[in-house]
Amino acid sequence: MKNIIIADDSQFARTITKMCFEMAGCDDANFLNAENGKEALTFLREKRIDLIVTDLNMPVMSGLELVKEISENSSADIAPILVVSSSYSTRLESNLLKYGVIGLIKKPISPAKIVQILGSLFETWVEK
Amino acid sequence: MADEKLSLHNRIEEITCDALENTTFMDVDVIEDERDEFWYEDKLHSFISVKSPVKGYISLIMPAQLVDNISEIILAGLENVSTQKLRKDTLSELVNIVAGRIMSDLKPNGLSFSIGLPKVIRYNNAQTNYKTLVHFFEMNDYEFAVKIIGSNLLDYFSLTEKNCS
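From first to last, the protein sequence lines are chains A and B. The numbering of the first sequence is this note's numbering, which starts it at 1 and goes up by one. The numbering of the second sequence is this note's numbering, which starts it at 1001 and goes up by one.
No lab work stands behind these hints, which were simulated from the structure alone. Check before you lean on any hint, since a few could be wrong.
Derived lysine-lysine pairs resembling BS3-like cross-links, with alpha carbons at most 30 Å apart [said to hold, decoys possible]:
| no. | chain 1 | residue 1 | chain 2 | residue 2 |
| --- | --- | --- | --- | --- |
| 1 | A | Lys68 | B | Lys1131 |
| 2 | A | Lys38 | A | Lys2 |
| 3 | B | Lys1051 | A | Lys106 |
| 4 | A | Lys68 | A | Lys98 |
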């Protein structure tokens, strides 16, 4: 079973994200809810994580701080990071890609947007 | 020029309908005519500050019953969470999505922007001196409004003709 962290300060947003991932084919994944970047980091220390899905605009520790923290302090085999945010610009996306983020989805999220970015990752999950 | 501004107004309506329909799975329709009573009925007001490239606010004003209906669709079965908390959570996320989409889709291509964290309060119909643009919508037989507040933000989008007060 794959462990997927969903980091968003909104329960509403986390629920929609989980629904969309299930509709995109991840219906047997274990979803770990984090209300901010700090809680996501705690999960990262405690469990094997296969994917991190994070919002940017969060209290306590933002998604950008989380991405930077992971990029600067983690080993090479860190889980892929997908950013799902209402904030979008091409400049923001290119900055996030520099930190190793694999994609930026502009809210509202949808199963089609997930498959578009993560389709190849999901294929490797099936192969394993 | 007038056509360009009308097009921008249409874009705000399109963006709002698209963002909320794809989030709530309900149909959203534009309302052309404002009802005076709208502002005197009990409503919740969620707003988000735009910090850069210019300052302003984008807000969503909705009846509590509509927010409850949306919460029920998405968060059905969630236990041990108060109605107040669900309302705040749902409305905060909705204004976050609408504000983010308006800023993303209307700003010049590629330009970054910064918005704050959403806040939710009971709507107060007190008059302010801020220049404001309002668009009205209907969802699930309830009316709601999207406001863009602040002359700098409105000027930034060149939204100064229709509906401004």
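Quick rundown of the hints versus the structure:
1. A:Lys68 to B:Lys1131: violated, 38 Å
2. A:Lys38 to A:Lys2: holds, 21 Å
3. B:Lys1051 to A:Lys106: Distance of about 19 Å is within 30 Å: holds.
4. A:Lys68 to A:Lys98: Cα-Cα ~10 Å, so holds.
Hint 1 from the list above is the single one not met by this structure.
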